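One letter stands for each residue in the lines below.
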Amino acid sequence: MLQNESDAEETAQDVFIEVHRSIGAFRGESKLSTWLYRIATTKSLELIRKNKRQKRFAFLQSLAGSNETSDSLKQAHFIHPGIEMEQKENAEALFQAIGQLPETQKVAFTLHKIEGLAYQQIADIMQTSVSSVESLMFRGRKNLQKSLKSFYEKNFKD
Amino acid sequence: MKNENNIENKINQALNSIEGIESAEVKPFFYTRLQARMENQIAPSYGRFSILANLKLSLAMLAVFFVFNLTSVIYLTGSQDTDSTTTSAIDEFSEEYFSTPNVYDYLNEY
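Respectively, the protein sequence lines represent chains A and B.
With this note's numbering, you'll find the first sequence wraps up at 218, consecutive numbering, no jumps.
With this note's numbering, you'll find the second sequence wraps up at 919, consecutive numbering, no jumps.
Only chain A is shown next, with the shape it has when bound in the complex (with noise of 0.2 Å):
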């Protein structure tokens, strides 16, 4: 979801903490599963929307001369390192696809058809109901074809 190797270790690391943190508060009533990807998804987000933010700030830095960009913005050819090798080319474009989708459809994209999980599971981990589910996963395969359509007609034409 992070699309970036050290975005992901230090997100790691802070579901860790916080689930030292907060340990405490787990009531028990889903999955410890279930939470651990609930934490571990908000700060994904948490991150992704700061990332967001910095670009925004960089983009006005830009415009005003600074050519400084930090490392975890430069997001530009990420390759997941469980993709098969002759895979590679076509999940590259599909991950920069994935990048463009809004928050709910890439989580839930990302849950079902990366980490695997079943419906049910993700709509406990988003708090929502399968339908929704489903109804995104729909939505997130439409967006991808979409973003998918433009990105090879674009690179057919260069």
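I should point out that these hints are in silico values taken from the structure, not numbers from a laboratory.
Each hint should be verified, as a subset may be incorrect.
Stated by the list, open to error - Using C-beta positions, here's what the derived DEER-type ranges look like:
(1) E813/B to S195/A: 26 to 32 Å
(2) G125/A to M870/B: 29 to 35 Å
(3) F839/B to S210/A: 34 to 40 Å
(4) V79/A to L866/B: 43 to 49 Å
(5) F839/B to E106/A: 19 to 25 Å
Just so it is clear, the structure is predicted and the values come from calculations on it, not from any experiment.
No residue lacks a Cβ here, since even glycine has one placed at the ideal position from N, Cα and C.
For this one, chain A is given, so just place chain B on it according to the hints.
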């Protein structure tokens, strides 16, 4: 038309490219780095009140505080009797130095 089919194929290939994806592994020594960060972040979170985080020590300190208070109360209550003597000593001092006739009065006689 052929180009469109190609694009359609590419889209499907891209969407299917994550089939059989494996979990990403953390970099080596992740837990060492995590441990160091937790020690830095969580341990000083008690700050200067870290002593109070230890309940047994807090209770011991509270007990010592009460003993000191109690001792002070007993001491002060007992020492009220000596107030009169203290006062008389002050009176004596006052009389000695301020209530006696002015020793320089003889100067006015001239």
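Each hint tested on the structure:
no. : hint                         : in the structure
1   : E813/B to S195/A: 26 to 32 Å : holds (28 Å)
2   : G125/A to M870/B: 29 to 35 Å : violated (59 Å)
3   : F839/B to S210/A: 34 to 40 Å : holds (37 Å)
4   : V79/A to L866/B: 43 to 49 Å  : violated (28 Å)
5   : F839/B to E106/A: 19 to 25 Å : holds (20 Å)
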